[in-house]
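A.B. asks: Here's the letter readout for the chains.
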Amino acid sequence: MTDEVGYLKAQLEEKEKDIVALKNKLAHLEKSNASVLELYEKVTPLTPLKAKASLSNEDIMRYSRQLLLPELGVQGQLNLSKTSVLVVGCGGLGCPLAQYLAAAGIGRLGLLDYDEVELSNLHRQVLHGEENQDQAKALSAANAIKRLNSTVECIPYHLQLSSENALQLIQQYDIVADCSDNVPTRYLVNDACVLSGKPLVSASALRMEGQLTVYNYHGGPCYRCLYPVPPPSETVTNCSDGGVLGVVPGIMGCFQALEVLKIASGQGSSCGQQLVMFDAQDARFRSIKLRPKQAGCAVCGENPSVTRLVDYEAFCGSAATDKCRKLNLLSRDQRITVQDYKSIMDTAEPHLLLDVRPLVEVDICHLPTSLNIPLSSLEYRKSEHIQLLQESISQLKQQMEGDCRPPVYVICKMGNDSQKAVQVMEKMSGSEVDSITVKDISGGLMAWAKRIDPTFPQY
Amino acid sequence: MTAQVTVLYFAKSAELSGLKEEELVAVPTPISSQGLWSLLLQRHPRLCVLQHQVVLAVRQQYVAIGDELVALGDGDEVAVVPPLSGG
Ligand SMILES: [Zn+2]
Chain A
1 MTDEVGYLKA
11 QLEEKEKDIV
21 ALKNKLAHLE
31 KSNASVLELY
41 EKVTPLTPLK
51 AKASLSNEDI
61 MRYSRQLLLP
71 ELGVQGQLNL
81 SKTSVLVVGC
91 GGLGCPLAQY
101 LAAAGIGRLG
111 LLDYDEVELS
121 NLHRQVLHGE
131 ENQDQAKALS
141 AANAIKRLNS
151 TVECIPYHLQ
161 LSSENALQLI
171 QQYDIVADCS
181 DNVPTRYLVN
191 DACVLSGKPL
201 VSASALRMEG
211 QLTVYNYHGG
221 PCYRCLYPVP
231 PPSETVTNCS
241 DGGVLGVVPG
251 IMGCFQALEV
261 LKIASGQGSS
271 CGQQLVMFDA
281 QDARFRSIKL
291 RPKQAGCAVC
301 GENPSVTRLV
311 DYEAFCGSAA
321 TDKCRKLNLL
331 SRDQRITVQD
341 YKSIMDTAEP
351 HLLLDVRPLV
361 EVDICHLPTS
371 LNIPLSSLEY
381 RKSEHIQLLQ
391 ESISQLKQQM
401 EGDCRPPVYV
411 ICKMGNDSQK
421 AVQVMEKMSG
431 SEVDSITVKD
441 ISGGLMAWAK
451 RIDPTFPQY
Chain B
1001 MTAQVTVLYF
1011 AKSAELSGLK
1021 EEELVAVPTP
1031 ISSQGLWSLL
1041 LQRHPRLCVL
1051 QHQVVLAVRQ
1061 QYVAIGDELV
1071 ALGDGDEVAV
1081 VPPLSGG
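Quick mapping for you: the protein sequence lines, in order, are chains A and B. Numbering of the first sequence is given in our numbering, commencing with residue 1 and proceeding in unit increments. Numbering of the second sequence is given in our numbering, commencing with residue 1001 and proceeding in unit increments.
Hints were generated in silico from the structure; no laboratory data involved. Warning: the hint list may mix true and false statements.
Quick list of in silico lysine-lysine cross-link-like pairs, DSBU-like style, CA-CA up to 35 Å [claimed, not checked]:
1) A:K50 to A:K342
2) B:K1020 to A:K15
3) A:K342 to A:K326
4) B:K1020 to A:K262
5) A:K198 to A:K42
6) A:K52 to A:K23
7) A:K289 to A:K323
8) A:K382 to A:K420
9) A:K262 to A:K82
10) A:K450 to B:K1020
11) A:K15 to A:K25
12) A:K262 to A:K42
13) A:K382 to A:K450
14) A:K15 to A:K198
15) A:K323 to A:K450
16) A:K42 to A:K82
17) A:K289 to B:K1020
18) A:K17 to B:K1020
19) A:K326 to A:K82
20) B:K1020 to A:K427
21) A:K52 to B:K1020
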């Protein structure tokens, strides 16, 4: 009898353990299913983020190494958990920024990007993987963040920030991080932050340099106080044509995360009236003390002229993207297609092919017969390059005997610089060099790769 | 009075001037911040596309380009910092 009671009790205990194990397994599965994220295509109202009364045992263990810091402590951690941050751009800056904010236990992350993941993003946009190509960056980033910390609420926005949606979106967040890649978006985010009173932690990176400032924070300046007039679009270099070493936005994005965490936890940022510059080549940080916000500023000043969001693409004279736009500087008879050029090549018609890209790009790929003289050397009449050009043209002229205007075809990557070069060469024709007929190869080497030679590299 | 200063060029200004750093041996002082900027433009005319888009700093302090008088001392650092927009 007692044996049987003992046996049954043991059995029951065994089954109860099984039940607990099954329940845990179910809960785990349900949790990971719940983390299948919905992609937001438009701005919708969010429920307010609730403040936690205390940290759970799991929180204490997870964040223990930062809880030990007197600068953060339990209160700082609780502050992080009730803070929402909007990350504008999930690229080279936004990826490391979002990663560290999530790891540190920020409450809510809005992850905004209108773009899809491309192979050429992966060297710097470290939340995305090979399998995420063609996926919305916002979703790819949110999924990576969820794997890192499932307790962080992630809202992926697959949309272009605009004058119509920016205020509604930014009003719902406590801190905004500008990780965008173009000038119109920087002005738009700035104005929306000023109009809704949000601190703007802004960073940028290009080539081997980075910059960081916290705008609209504790009486400090806004972006417009510093740069009231947008730069002429032709003077702006972006990462897709200027290049960037991936770790540089990585460092700047981490720096942004640091300042966001200091503001969110309650310590405060020390970059509100400072422009911090990072020079990756010299491994040096420098910082410039800025003036306070300007009474005459168009948006944060005493008599602002900007009291609602405007058309930022018109204001800046450029599109809110870092993709290259196509110039149209020449008439139709000044241009030939890549197919035309292919037949010129095939019939071995005497001509000069001039590649006007910078040397570093010519090293990546080039057509075998091309002469390389960068556009800047033509524009600034760099003597050794002009001499080389003169020689090549007069050789060609001798070779052609009868014809007095030897043909010169100009090529570059996308067909923008080649058009500028044609304009420069037309001015030179007949004076600085022999008279020539100069034409641009429309669409450049990327069109050549797409339409003529699929084995030609694209970049 | 003149001063010997080091000019640091960042971002686009380094590209346009072809330099990251240069020494200017005899800069008049005091000089207006506009005068200082004009002096840099004379040396590097290509910098003119950055007009109105640049942060000028002397001894790591922002100076607005205008009438403000700047006193320079030997060894002072002048920085030319156009904004970066990439990310
Ligand atoms: Zn302002």
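A.B. asks: When you check the alpha-carbon spacing of A:K52 and A:K23, does it fall within 35 Å?
C.D. replies: Within the cut-off at roughly 26 Å; holds.
A.B. asks: Next pair to validate is A:K15 with A:K25; report whether the Cα-Cα distance is within 35 Å.
C.D. replies: holds, 15 Å
A.B. asks: Holds or violated: A:K289 with B:K1020, Cα cutoff 35 Å?
C.D. replies: holds, 21 Å
A.B. asks: Run the distance test for A:K17 versus B:K1020: straight-line Cα separation, threshold 35 Å.
C.D. replies: violated, 69 Å
A.B. asks: Is the hinted pair B:K1020 and A:K427 satisfied, with a Cα-Cα distance of at most 35 Å?
C.D. replies: holds, 32 Å
A.B. asks: Given the hinted pair A:K198 and A:K42, is their Cα-Cα distance within 35 Å?
C.D. replies: holds, 21 Å
A.B. asks: Mind checking the alpha carbons of A:K342 and A:K326 for me, to see if they're no more than 35 Å apart?
C.D. replies: Distance of about 22 Å is within 35 Å: holds.
A.B. asks: Regarding the pair A:K50 and A:K342, is the alpha-carbon distance no greater than 35 Å?
C.D. replies: Not satisfied, since the Cα-Cα distance of roughly 65 Å exceeds 35 Å.
A.B. asks: Please work out if A:K289 and A:K323 have their alpha carbons no farther apart than 35 Å.
C.D. replies: Judged against 35 Å, a Cα distance of about 33 Å means the pair holds.
A.B. asks: Holds or violated: A:K382 and A:K450, Cα atoms, limit 35 Å.
C.D. replies: Answer holds: A:K382 to A:K450 is near 33 Å, not above 35 Å.
A.B. asks: Given the hint that B:K1020 pairs with A:K15, does the C-alpha gap stay at or below 35 Å?
C.D. replies: violated, 74 Å
A.B. asks: Holds or violated: A:K262 with A:K82, Cα cutoff 35 Å?
C.D. replies: Holds. A:K262 to A:K82 sits at ~14 Å (cutoff 35 Å).
Going through the hint list in order, the structure does not satisfy hints 1, 2, 10, 14, 18, 19 and 21.
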